[in-house]
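K.L.:
Protein chains in written order, with our numbering: chain A, 1 to 503; chain B, 1 to 503.
Note that these hints are calculated values from the structure, not bench results.
As the structure is a computational prediction, the values presented were derived from the model and not from experiment.
No false leads were mixed into what you were given.
No distinction is drawn between identical chains; accordingly, a pair holds when it is met within one copy or between any pair of copies.
The calculated lysine-lysine pairs, modelled on DSSO-like cross-linking and capped at a C-alpha distance of 27 Å, are:
#1 Lys198 with Lys339
#2 Lys92 with Lys111
#3 Lys501 with Lys466
#4 Lys339 with Lys62
#5 Lys327 with Lys67
#6 Lys62 with Lys327
Protein chains: 2
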Amino acid sequence: MAKSEKTAITPTREQDYPNWYQEVVRAADMAENSPVRGCMVIKPWGYAIWENMVHLMDDLFKETGVKNAYFPLFIPLSYMEKEAEHVEGFAKECAVVTHHRLEPDGKGGLKPAGELAEPLIVRPTSETIIGESMARWTNSYRDLPILINQWANVVRWEMRTRMFLRTSEFLWQEGHTAHATEQEAKERTLLMLDVYTKFVEEYLAMPVIRGQKTPSERFPGADDTTCIEAMMQDKRALQAGTSHFLGQNFAKGSGIKFQNEEGQEAYAWTTSWGSSTRMIGGMIMVHSDDDGLVLPPRVAPAHVVILPIFKKDEDRRAILESARALKDALEARQFHGGKIRVELDDRDIGGARGWEWVKKGVPVRIELGPRDIEKNSVFMARRDQPSSKKESMDREMFINAIPGILDNIQESLFNRAIRYRKENTFVMDDKKQFYDLYQKASGYHNGAFVMAHWCGSDKCEETIKKDLSVTIRCIPFDSPTEKGECICCGNASSRRVLFAKAY
Amino acid sequence: MAKSEKTAITPTREQDYPNWYQEVVRAADMAENSPVRGCMVIKPWGYAIWENMVHLMDDLFKETGVKNAYFPLFIPLSYMEKEAEHVEGFAKECAVVTHHRLEPDGKGGLKPAGELAEPLIVRPTSETIIGESMARWTNSYRDLPILINQWANVVRWEMRTRMFLRTSEFLWQEGHTAHATEQEAKERTLLMLDVYTKFVEEYLAMPVIRGQKTPSERFPGADDTTCIEAMMQDKRALQAGTSHFLGQNFAKGSGIKFQNEEGQEAYAWTTSWGSSTRMIGGMIMVHSDDDGLVLPPRVAPAHVVILPIFKKDEDRRAILESARALKDALEARQFHGGKIRVELDDRDIGGARGWEWVKKGVPVRIELGPRDIEKNSVFMARRDQPSSKKESMDREMFINAIPGILDNIQESLFNRAIRYRKENTFVMDDKKQFYDLYQKASGYHNGAFVMAHWCGSDKCEETIKKDLSVTIRCIPFDSPTEKGECICCGNASSRRVLFAKAY
Chain A
1 MAKSEKTAIT
11 PTREQDYPNW
21 YQEVVRAADM
31 AENSPVRGCM
41 VIKPWGYAIW
51 ENMVHLMDDL
61 FKETGVKNAY
71 FPLFIPLSYM
81 EKEAEHVEGF
91 AKECAVVTHH
101 RLEPDGKGGL
111 KPAGELAEPL
121 IVRPTSETII
131 GESMARWTNS
141 YRDLPILINQ
151 WANVVRWEMR
161 TRMFLRTSEF
171 LWQEGHTAHA
181 TEQEAKERTL
191 LMLDVYTKFV
201 EEYLAMPVIR
211 GQKTPSERFP
221 GADDTTCIEA
231 MMQDKRALQA
241 GTSHFLGQNF
251 AKGSGIKFQN
261 EEGQEAYAWT
271 TSWGSSTRMI
281 GGMIMVHSDD
291 DGLVLPPRVA
301 PAHVVILPIF
311 KKDEDRRAIL
321 ESARALKDAL
331 EARQFHGGKI
341 RVELDDRDIG
351 GARGWEWVKK
361 GVPVRIELGP
371 RDIEKNSVFM
381 ARRDQPSSKK
391 ESMDREMFIN
401 AIPGILDNIQ
411 ESLFNRAIRY
421 RKENTFVMDD
431 KKQFYDLYQK
441 ASGYHNGAFV
451 MAHWCGSDKC
461 EETIKKDLSV
471 TIRCIPFDSP
481 TEKGECICCG
491 NASSRRVLFA
501 KAY
Chain B
1 MAKSEKTAIT
11 PTREQDYPNW
21 YQEVVRAADM
31 AENSPVRGCM
41 VIKPWGYAIW
51 ENMVHLMDDL
61 FKETGVKNAY
71 FPLFIPLSYM
81 EKEAEHVEGF
91 AKECAVVTHH
101 RLEPDGKGGL
111 KPAGELAEPL
121 IVRPTSETII
131 GESMARWTNS
141 YRDLPILINQ
151 WANVVRWEMR
161 TRMFLRTSEF
171 LWQEGHTAHA
181 TEQEAKERTL
191 LMLDVYTKFV
201 EEYLAMPVIR
211 GQKTPSERFP
221 GADDTTCIEA
231 MMQDKRALQA
241 GTSHFLGQNF
251 AKGSGIKFQN
261 EEGQEAYAWT
271 TSWGSSTRMI
281 GGMIMVHSDD
291 DGLVLPPRVA
301 PAHVVILPIF
311 KKDEDRRAIL
321 ESARALKDAL
331 EARQFHGGKI
341 RVELDDRDIG
351 GARGWEWVKK
361 GVPVRIELGP
371 RDIEKNSVFM
381 ARRDQPSSKK
391 ESMDREMFIN
401 AIPGILDNIQ
411 ESLFNRAIRY
421 RKENTFVMDD
431 KKQFYDLYQK
441 ASGYHNGAFV
451 MAHWCGSDKC
461 EETIKKDLSV
471 TIRCIPFDSP
481 TEKGECICCG
491 NASSRRVLFA
501 KAY
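Sequences are here, hints too, so could you generate the full structure?
P.N.:
So, in structure tokens, the structure goes:
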């Protein structure tokens with residue numbers, strides 16, 4: 001985009017990436033900060049995207065045999081102590097319920113009353129409370145596997161919050177499974193990472209790198225944490241889903257025991273895996289531009305918006321009728337097993353109307369004026385192309401082509417993101433070059449993905465984190481075994497890992 | 001059912017209605033009490049019913065123009081004080097968050113730390129926090145109406161809890177709307193009551209009485225509360241949904257102001273309306289029998305369960321193949337716009353298997369043995385009929401008939417419940433008769449619905465409540481104006497109201 005061109009979002013990505021992000025969210029009317037510390041209000045446009053994501057992901061989970069259930073919001077304090085690393089990981093940032101009523105404070109206000117014998121924690125994650133249920137449900141190997149998912153709100157007390165990316169309360173799903181064998185639990189861990197990969201790549205059009213977390217970045221209490229990492233436009237990484245192999249740690253903490261086929265008592269092997277409203281933040285940062293939100297068609301609340309253009313009052317009725325007929329014709333078409341979702345915006349508010357829908361990220365905009373009706377055509381703009389680019393198209397042809405156009409947009413967003421990641425991913429062996437890159441990085445040019453060797457020591461990982469705020473995002477599954485020297489200490493290394501600054 | 005007949009549920013309804021209820025829930029594997037005070041675990045079978053209900057209701061809401069959004073779980077203490085009656089109504093039973101981390105207590109455990117400057121209440125309902133948002137969103141009459149719904153968990157600290165019926169945490173939807181005129185808000189209040197009526201009668205097969213609450217039974221802070229009331233099999237009433245006209249009370253508390261068409265500042269008129277997992281408890285108590293859960297087909301997680309009967313090992317493969325083919329054929333059929341949901345249970349565990357599905361309430365059970373395959377027939381049992389009654393049916397005929405059979409079961413459950421309510425509803429004018437009825441009532445025979453005159457005084461309402469634990473459930477909309485004398489004090493009354501013991 002030429003420098004002089006006017007953009008719908010101020011600041012632009014180049015000018016101030018973090019504020020551009022907030023402004024995209026605001027301009028699309030997706031969410032807003034609430035007066036409750038760290039909590040956001042998800043507005044209808046943002047929530048409709050989440051609803052689409054939930055339905056699509058839920059189907060993918062169910063295809064693997066997972067069933068939904070619901071567990072208590074509150075976790076007794078003593079449960080948090082069942083798994084040592086786990087409590088260590090979550091104790092620092094949790095909401096604690098200590099009272100169960102309010103009473104007059106004598107100054108015209110209210111104060112907490114009815115102190116609880118045991119404080120309750122608002123769930124930051126549910127391993128311990130679900131573990132308690134699983135322990136009750138598991139007697140014999142015939143009761144396994146247990147494959148459970150829960151859609152829920154969770155709370156982690158965050159000091160610095162950003163809408164969707166990091167909020168004290170967020171919406172998520174957490175899957176929890178228990179298995180008779182280690183092998184089966186490990187397979188499930190990877191199966192669910194596959195599901196996340198499919199969802200994020202095919203539905204959110206975000207390419208991801210799949211890999212394993214280093215020990216220091218693991219989920220508190222896990223034996224192994226796998227993840228998918230995506231590159232944002234400021235070249236930072238965002239974790240878009242994690243799947244944990246918990247070994248027997250939580251099974252031992254919660255007492256998930258069973259009699260195996262040989263008649264011996266054994267502990268189950270468990271997994272957990274989660275993804276959250278954070279993915280929405282990632283999706284925004286991967287696809288959106290200086291005109292606002294850009295939505296992948298498969299999760300867009302509206303696929304097409306029709307904007308009737310009223311030039312003269314006497315045309316109004318005919319144009320509106322034609323627009324309604326177009327809406328009906330489009331809605332009769334299918335896109336990936338659902339109907340095409342169409343908005344008809346007949347407000348007479350001038351140019352602001354078109355920009356509103358640009359900023360909301362709707363994949364296809366259609367203008368329909370008197371001349372279009374005369375010519376039996378539509379005037380189409382695609383959100384993956386510059387807002388000034390509009391194309392006249394035969395109306396029938398457009399109606400027939402719409403599913404293909406949406407597929408094409410979906411694909412173009414994914415390909416663009418892949419290209420962008422490729423352009424900003426470097427293989428490096430030189431420490432100075434590595435340090436230079438990240439020390440110069442700032443704002444929109446916040447670095448890059450770097451594939452570099454790492455000796456495996458916590459110390460080198462820690463040094464780089466301290467020096468550069470760069471972390472090992474994962475040990476990619478497809479990173480081949482090769483001889484090399486650690487980018488930090490120069491010691492022998494057998495594999496490159498993915499370094500980046502992260503959200 | 002004859003006295004000597006064996007039932008799947010012990011105790012029976014007659015023997016001990018409250019324990020029968022708990023046992024039905026347990027035997028269907030729907031939910032269980034959790035170790036967290038007052039909170040339950042909703043297990044997959046129970047949650048699948050809720051999921052069906054959510055999807056169906058959500059569609060009905062959206063058809064009226066409502067959009068979903070999400071608001072914070074926590075409500076600052078000061079917000080609760082914004083509406084005087086409201087705080088009075090909810091202050092006595094709420095979970096209060098006072099700290100935001102845990103730290104070692106010096107005795108090897110943990111204790112709350114990081115005290116909050118202002119305590120947070122876990123939402124018991126969201127009028128105040130949503131009102132705060134609406135105040136920000138409303139500037140001009142053009143911003144109205146705002147039509148919002150939220151699916152969420154809420155917490156009301158309950159001392160005596162029963163699964164689904166009354167739990168400290170429960171799942172619900174709460175709708176909140178703001179309007180420019182009183183008239184429009186009142187219309188919305190009734191429109192949403194219509195939606196609840198439709199859902200509960202047509203989907204849950206529960207007949208309801210629609211009406212207005214008396215002032216003493218109103219939602220705290222409402223000008224008017226409307227509700228739907230259903231009769232359980234113990235002749236007690238259960239409120240299955242409420243819709244409140246809030247007047248300008250919350251608008252004034254939260255500052256929901258706008259400039260009207262005349263350019264003057266005015267307060268909005270708001271409504272709220274809610275329904276919860278409690279409806280599941282009602283559905284259980286209306287339809288289930290001494291063999292366990294009975295599910296209305298439109299919300300059943302499975303419509304049909306196929307039970308292959310293996311007599312000889314060599315038949316096994318052929319029977320299983322035939323069962324799978326039947327499953328496919330059934331799943332290709334439609335029931336109310338969705339596919340027929342079929343479970344195939346091929347476990348070789350004898351008679352317990354069939355009883356499991358009876359207890360889970362699946363509308364249609366199919367047994368398929370070697371002779372059925374020979375005769376090209378199926379052996380069918382309907383859950384709305386005695387478990388011993390099974391019918392052989394031509395296989396093709398059954399496949400064609402299944403949508404009709406499910407409709408017929410749905411209808412028969414509704415009609416049975418209507419009949420039951422009619423048999424147990426009395427019009428009364430004599431105080432002694434009224435007192436006698438309720439004083440003798442106990443257990444399964446817990447009274448009746450009584451239509452009787454009421455003078456309109458709080459005092460009479462209170463007296464009857466104190467004497468008999470009987471309340472005015474509602475002033476039914478269809479209760480005609482007629483001259484009469486109050487059943488309690490004998491003063492003039494112009495209308496009969498609905499009395500009952502209630503859940």
